[in-house]
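Trainee: The residues making up each chain are set out below.
Number of protein chains: 2
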Amino acid sequence: MIQIVAKHFVKPEHVESYLKLAGKLVAKTRQLDAGCIQYALFQDLKDSSILTIIEQWESQDALDQHMAAAHFKEMVPKLGEFCEKPGEINLYRPVEAEQ
Amino acid sequence: MIQIVAKHFVKPEHVESYLKLAGKLVAKTRQLDAGCIQYALFQDLKDSSILTIIEQWESQDALDQHMAAAHFKEMVPKLGEFCEKPGEINLYRPVEAEQ
Chain A
1 MIQIVAKHFV
11 KPEHVESYLK
21 LAGKLVAKTR
31 QLDAGCIQYA
41 LFQDLKDSSI
51 LTIIEQWESQ
61 DALDQHMAAA
71 HFKEMVPKLG
81 EFCEKPGEIN
91 LYRPVEAEQ
Chain B
101 MIQIVAKHFV
111 KPEHVESYLK
121 LAGKLVAKTR
131 QLDAGCIQYA
141 LFQDLKDSSI
151 LTIIEQWESQ
161 DALDQHMAAA
171 HFKEMVPKLG
181 EFCEKPGEIN
191 LYRPVEAEQ
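Protein sequences, first through last, are from chains A and B.
Residue numbering for the first sequence follows this note's numbering, starting at 1 and increasing by one per position.
Residue numbering for the second sequence follows this note's numbering, starting at 101 and increasing by one per position.
No lab work stands behind these hints: they were computed from the structure.
Keep in mind the model is a prediction, meaning the values are calculated, not measured.
Keep in mind that the hints are not guaranteed to be accurate.
A few chain A residues that face chain B, going by a derived Cβ cut-off under 8 Å, partial list only [as the list claims (entries may be wrong)]:
#1 Q3
#2 V5
#3 F9
#4 V15
#5 S17
#6 L19
#7 G23
#8 I37
#9 Q38
#10 F42
#11 D44
#12 S49
#13 I89
#14 R93
Here are a few chain B residues that face chain A, going by a calculated C-beta distance under 10 Å [to be verified]:
#15 L145
#16 K146
#17 Y192
Ideal placement from N, C-alpha and C gives every residue a C-beta, glycine not left out.
Work out the full structure, taking the sequences as your base and the hints as a guide.
Mentor: Given below as structure tokens:
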């Protein structure tokens with residue numbers, strides 16, 4: 001399993017546009033992309049211009065296919081244009097808790 | 101629901117100690133803290149010194165109680181001592197996807 005936290009710093013004047021387009025990306029990804037366990041959009045409670053997508057994928061292969069999908073390639077560059085700087089994207093492995 | 105991403109930058113020589121203690125915090129929190137939907141530890145795939153806890157709480161009240169719990173007050177300051185700089189903690193609200 002691969003866990004992703006993709007944090008974006010959106011220009012304040014483009015937050016509404018970002019939310020609308022990112023909502024479409026979330027819906028398309030959930031509908032179409034195999035191996036997607038979680039894909040959800042969150043807005044920071046203190047700074048509404050911080051928009052973060054939290055994702056879980058079954059495998060690197062599923063993630064690669066998501067990033068090659070038409071909706072990803074169409075929408076992600078547009079989302080980038082709404083941002084004031086590059087996002088902070090981390091890919092994680094789960095660490096098992098002590099029993 | 102409150103979603104939290106708590107990203108920590110751990111001193112490389114203390115990663116093993118951090119993992120051990122954070123694993124205990126995860127286990128105690130899951131066992132004892134009411135209103136906890138998710139509480140899980142992740143390690144960055146490229147930089148093993150980035151350790152992130154992803155959390156979901158039913159309410160601000162549940163989160164407040166977690167932060168007042170004995171295990172939180174005992175372990176979190178110790179975890180902080182293993183870090184090379186302050187963590188990046190974001191509290192989020194979920195954004196509904198377009199249907």
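Trainee: Please go over all the hints and tell whether each is borne out by the structure.
Mentor: Going down the list of hints, with the structure as the test:
{"no.": "1", "hint": "Q3", "in the structure": "5 Å, holds"}
{"no.": "2", "hint": "V5", "in the structure": "5 Å, holds"}
{"no.": "3", "hint": "F9", "in the structure": "12 Å, violated"}
{"no.": "4", "hint": "V15", "in the structure": "11 Å, violated"}
{"no.": "5", "hint": "S17", "in the structure": "13 Å, violated"}
{"no.": "6", "hint": "L19", "in the structure": "6 Å, holds"}
{"no.": "7", "hint": "G23", "in the structure": "4 Å, holds"}
{"no.": "8", "hint": "I37", "in the structure": "13 Å, violated"}
{"no.": "9", "hint": "Q38", "in the structure": "10 Å, violated"}
{"no.": "10", "hint": "F42", "in the structure": "4 Å, holds"}
{"no.": "11", "hint": "D44", "in the structure": "5 Å, holds"}
{"no.": "12", "hint": "S49", "in the structure": "12 Å, violated"}
{"no.": "13", "hint": "I89", "in the structure": "10 Å, violated"}
{"no.": "14", "hint": "R93", "in the structure": "5 Å, holds"}
{"no.": "15", "hint": "L145", "in the structure": "5 Å, holds"}
{"no.": "16", "hint": "K146", "in the structure": "7 Å, holds"}
{"no.": "17", "hint": "Y192", "in the structure": "4 Å, holds"}
The structure fails hints 3, 4, 5, 8, 9, 12 and 13 (numbered hints given earlier, in ascending order).
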